[in-house]
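Counted from 1, the sequence shown has number 266 at position 266 by the working numbering; the numbering is strictly sequential.
Derived from the structure by calculation, the hints contain no laboratory data.
One or more of the hints may lead you astray.
[As the list claims (entries may be wrong)] Taking CB as the label site, the calculated pair distances span: (1) D228 <-> N11: 46 to 56 Å; (2) A34 <-> N116: 36 to 46 Å; (3) R285 <-> K75: 20 to 30 Å.
On a predicted model such as this, the values are computed, not experimentally measured, just so you know.
Note that the Cβ used here is the ideal one computed from N, Cα and C, for glycine as well.
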Amino acid sequence: MSWHLEDIERNWLKGAAIAVTPEELVDAFDRTEAIFGREWLRARNATAWGAAPTLEVVRTGIKLAALDGVVGAEKLIERVRAGETSADAELTAVYLLRHSRSTAEIELYPPISVANRTRVPDFRVRDRLDPWTYIEVARPDISDTQRRANSVLGRLTEIVYSLKKSFTLEVFLLREPTDGEIEQLATDATAFCRHEGLAKEYVGNLAILLLNHAPPNVVTPYIHPEDDHRPRLAMARVIAGGDEPARHVSVRMPYADERAEVFLNSEAEQLPKNAPGFIMIDVSRAPGGIKSWVPLLRRRLQPQIHTRVGGIGLFTEGFFPTDSGLKWIFETALIANSHAKLPPPEWIGLAVAEAGSAESTPT
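Based on the provided sequences and hints, a complete structural model is requested.
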């Protein structure tokens, strides 16, 4: 059964807009239904509609098109249908390479011998006369470090409930606090909020408190001279409307994910020593991943370390509002390994890098 644009607009978009053509929209729905079935779509539409759920189907359909002619696609399709996050990362990696090079030949899960053991990389790829390049794909999940960071942010933003007055507070953490410092900082910040007018206070080498630098409910990050531009997690809580005085509290805290080396070590072990290898990492669930992981990974690519890794492609994807509607975009980074014994074809790294360029639009 083919989809009609009117059905999607009436039952899925319901007045919302997405930045794809009508032809792309219908084709993606048709393809997703042909592979996953109408019930798979109905289950998602039963509780969700609008721009984001519709664009999620479009995203899925476009990625599934990249599996045409791919050896072993059936296994990956079943894993994606079952909702495996690692499978979605593998599908995205296939899409990123084939989107750039439609003539690329791909085989999923090819067994190879590494150090007298059988390994199974996620896939291998070649274009025309290229040698096979073996690809490993990783998708870090939310780490214990991030869970603790979220707990810290949550505790400090609770200050918004403590005072029944109009104010705005920004807590700019210069480092991660200890458990004991969290409660003391919450106490000090609550007392600080009792002041009137603009105020700024340094809490040792731990934090900067900024009071009323922006109107209530307008969360505008302040540019601090002390900011060292490390990746940061942020959270804000806002109270507005009704009889409550308008107020908000926002917190920013430095965050670095130290799992980069762990993933590099484990994925590199899956790659052969006698053929080019490349690692692709989906950092969508690793906050600050693109910014913080690049220097960590680059330092590990040395003349005597990880020489079987020809390069590393980091990618993350998301939806971004535009004048023409919600748009699907990528952010990517390429780390080439000049010490690789067998470098992969240049087009593989370029495909990753170009997917995240400002001019790149998934189609």
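Okay, the hints, checked on the actual structure:
no.	hint	verdict
1	D228 <-> N11: 46 to 56 Å	holds, 49 Å
2	A34 <-> N116: 36 to 46 Å	holds, 43 Å
3	R285 <-> K75: 20 to 30 Å	holds, 23 Å
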